[in-house]
Structures are given as structure tokens and as C-alpha cells.
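*Asks:* Now for the letters of each chain:
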Amino acid sequence: MTDWIKDKNRTLFAGGKKSFADASRVASECGHFTEDCEDELYCDDEISCYNCRYRRWTAGSFECMKR
Amino acid sequence: MNLFVCIDDTDNYDSIGTGELLENMMGEAAVKGLARAGFTVRYQLYIHDDIPYTSHNSSMCCAAQTDDRASFTSFCGKYLEENSAEGSDPGLCILTDDPALDYSVLIEFGKRAQSEVLTKEQAYETARKFGSELNLSEHGGTGGGVIGALAGVALRAGKEEGRIKGKLQPLANKTEWTLSEFATVFGVQRFVDGEGIDITEDLTISFVHPTKLIYSKGLITGVIVNENGRLMPKPKIKKNKEKKQ
Chain A
0 MTDWIKDKNR TLFAGGKKSF ADASRVASEC GHFTEDCEDE LYCDDEISCY
50 NCRYRRWTAG SFECMKR
Chain B
0 MNLFVCIDDT DNYDSIGTGE LLENMMGEAA VKGLARAGFT VRYQLYIHDD
50 IPYTSHNSSM CCAAQTDDRA SFTSFCGKYL EENSAEGSDP GLCILTDDPA
100 LDYSVLIEFG KRAQSEVLTK EQAYETARKF GSELNLSEHG GTGGGVIGAL
150 AGVALRAGKE EGRIKGKLQP LANKTEWTLS EFATVFGVQR FVDGEGIDIT
200 EDLTISFVHP TKLIYSKGLI TGVIVNENGR LMPKPKIKKN KEKKQ
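Chains as they are written, first to last, in numbering that gives the first Met the number 0: chain A, 0 to 66; chain B, 0 to 244.
Looking at chain A on its own, in the form it has when it is part of the complex (with noise of 0.2 Å):
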């Protein structure tokens, strides 16, 4: 499956909120990742878009602002 959706403007991530091995191989493979304040971490996960810097909550997912 593809990992994005193009809409509009904007680069929405296809697995929702709780696509979590997708979410972290996808960070893993960025070069943008930049882990987000304590406060709002999402997941477990060391690397994972959920908890990415850039990553702006929707209300289904999320959009990327780096792409």
C-alpha cells in the first residue's frame, strides 16, 4: 500500500493513528525526523511519524509537513 495521500495541498499518512510499525518504518526511512517535546509523544516507538516534530494531527491522521 502506499504510505501517503495526496489531498489538496496537503501529504496526509494513509494508516491513520494507529499504524504504528508503518508510522515507525516510515520515520525510520526520513531524513526529517526530529522527535517532538516530551509532552507529545504519541507511541512507544523511538522513531515513529506519531511523534515526529512535523507531524500535524488531523482528525483522522495526520498531515507531513516535510513532504
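I should point out that these hints are in silico values taken from the structure, not numbers from a laboratory.
Yeah, the Cβ is synthetic: ideal placement off N, Cα and C, and Gly gets one too.
A couple of the hints might just be wrong.
Unchecked claim - Looking from chain A toward chain B, a few residues come up when the C-beta cut is under 10 Å (computed):
#1 ARG9
#2 ASP35
#3 GLU37
#4 LEU40
#5 TRP56
#6 ALA58
#7 LYS65
Unchecked claim - Interface residues of chain A toward chain B, partial, derived using beta-carbon atoms under 8 Å:
#8 CYS36
#9 ASP38
#10 GLU39
#11 ARG52
#12 TYR53
#13 ARG54
#14 ARG55
#15 THR57
#16 MET64
Fit chain B to the given chain A structure using the hints.
*Replies:* Just chain B now, with coordinates in the frame of chain A:
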């Protein structure tokens, strides 16, 4: 005088977060002798495409004590103007913490901010009802942060549940604790189980993972869970583990 202090929309993707800026601001206020800060509570506000938040639309509110509200308020405004990130829309809200005040209109605003899109005009309309007990001000950009800042003090004044900023770390030389010991050492006022039910028995727990406290019913609250037969403070993050179970 006791106060609630909240700032919002102060960051961008490359700056420190709003919670850290709040701590820095309150630290500098303390150094200047203007105020002393209590703990900070994080509230999740509404996630919606029409709201211009940076990444998570959370609001951070701390308690404070001051003898000179005017000077403290002026300091906070200037601090935000000098330290907020480029492109941000900082807002500041300072509210009197007084049990004699009726916060019901304000609390309604805060709860609405968690489930619908609100405007600056609605924020100011609500704020005006509190006269000199509430300061709401813009400090750059669109000033849209006043909405989240007002919501933050509203939810805090209403004793609504939120996460307390920061975490507790286990001690190297002590893993087994009674709840009464834990409460004394870490300032916890109440314990609940994973379902939110109060724990009144002085249970023995294992404190081996970092944990976060919550603010619930106006009390600093620890959540105790059963992990493979061991009672312990709820580990800091659980979401992906829950998924795998």
C-alpha cells in the same frame, strides 16, 4: 493572589514548544520576583482543518502566585513578543483563581473549544464577562492564540481533566512503594485505576517505568494499572502496546 496563566500559538515547526516557552517565561518571572509557578496542565483542544494550530492544538496552563499582577501581566506580554516564534500568533490569558468566582460561562467556552471551531470574537465576548479578573491579550501575528489561551485557563479553572506536563522517573534504589509513600514523595493527591475508579487502599506498587500524572477533579492524580500481575503507575505511553494486545 492566585492566578491561572495560559499562553497559546507561540511556536512553529523549528522552535521550542509552547509548554517549554511557558516554563521559561514563568522561570524568568520567578527570577525577577514577579511570580511563582505551580505545575502545568495540558489540555487537548479540537483538531479541525479550520483551526490554524502548529501540530497538535494543545493548550498549556499553569497556576501562579503573585503580589503584583499588573507588573506580572506586563512582563508576560513583553516576554511573548520577544520570544514567540516567527509566524506564530501568540495569545496570553491570565485569570484570577478564586473559589468565590463563578467560572461556569468560562468553563462552557473551554469545553466548546475541545469540540468546535471558535472565533476570537467569541473569546473576547466571554472574557469581558470577567472584567478585571481576566486579562486576554494578543502579542503578534493574528493573535489567534487568545482562543486557546482562554480555553486553557477555562478548563483549568473548571478542574477539567488534563495531563500534567513532565513525567516522574523511577528511582534507582527503590522500586517497591506503598501508595502513601508514593503520594508523599511525589505530591500525588489521589490514585485511580485504569478505569478511573478511586483507589483508597494503601496498595504496594512497582515503580519501574517513567509515568505521567494527570490533573483530575482538581487533584494531582496517579493512574495505577496492572501489568502482567504487577501493580504500577501507568507507563508514560501505551498506545502501540495496546494495539498489539
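*Asks:* Confirm or reject each hint.
*Replies:* Hints, verified against the model:
Taking 10 Å as the C-beta cut-off, the interface hint given for A:ARG9 holds, the closest approach to chain B being about 9 Å. For the restraint placing A:ASP35 at the interface with chain B, the shortest Cβ-Cβ distance is roughly 7 Å, inside the 10 Å limit, so the hint holds. Look at A:GLU37: its Cβ gets to within about 7 Å of chain B, closer than 10 Å, so that hint holds up. This hint holds: A:LEU40 has a C-beta 6 Å from the nearest C-beta of chain B, less than the 10 Å allowed.
Because the beta carbon of A:TRP56 sits about 5 Å from the nearest beta carbon in chain B, less than 10 Å, this interface hint is met. Taken as an interface hint, A:ALA58 checks out: its beta carbon lies about 6 Å from the nearest beta carbon of chain B, inside 10 Å. Hint status for A:LYS65: holds, given a least beta-carbon distance of 9 Å to chain B, under 10 Å. About 4 Å separates the beta-carbon of A:CYS36 from the nearest beta-carbon of chain B, less than 8 Å, and the hint is met.
The interface hint given for A:ASP38 holds, since its Cβ lies 5 Å from the closest Cβ of chain B, which is under the 8 Å cut-off. Hint status for A:GLU39 relative to chain B: holds, with the closest Cβ pair at about 5 Å, below 8 Å. The closest approach between the C-beta of A:ARG52 and any C-beta of chain B is roughly 6 Å, which is under the 8 Å cut-off, so the hint is satisfied. At a threshold of 8 Å, the smallest CB-CB gap from A:TYR53 to chain B is about 6 Å, leaving the interface hint in force.
Below 8 Å, beta-carbon pairs count as interface contacts, and A:ARG54 has one with chain B at about 6 Å; its hint therefore holds. A least Cβ separation of about 5 Å between A:ARG55 and chain B falls short of the 8 Å threshold, and the interface hint therefore holds. At its closest, the beta carbon of A:THR57 sits 6 Å from a beta carbon of chain B; the interface hint therefore holds under the 8 Å criterion. Given hint, A:MET64 at the interface with chain B, holds; its Cβ is 6 Å from that chain's nearest Cβ, closer than 8 Å.
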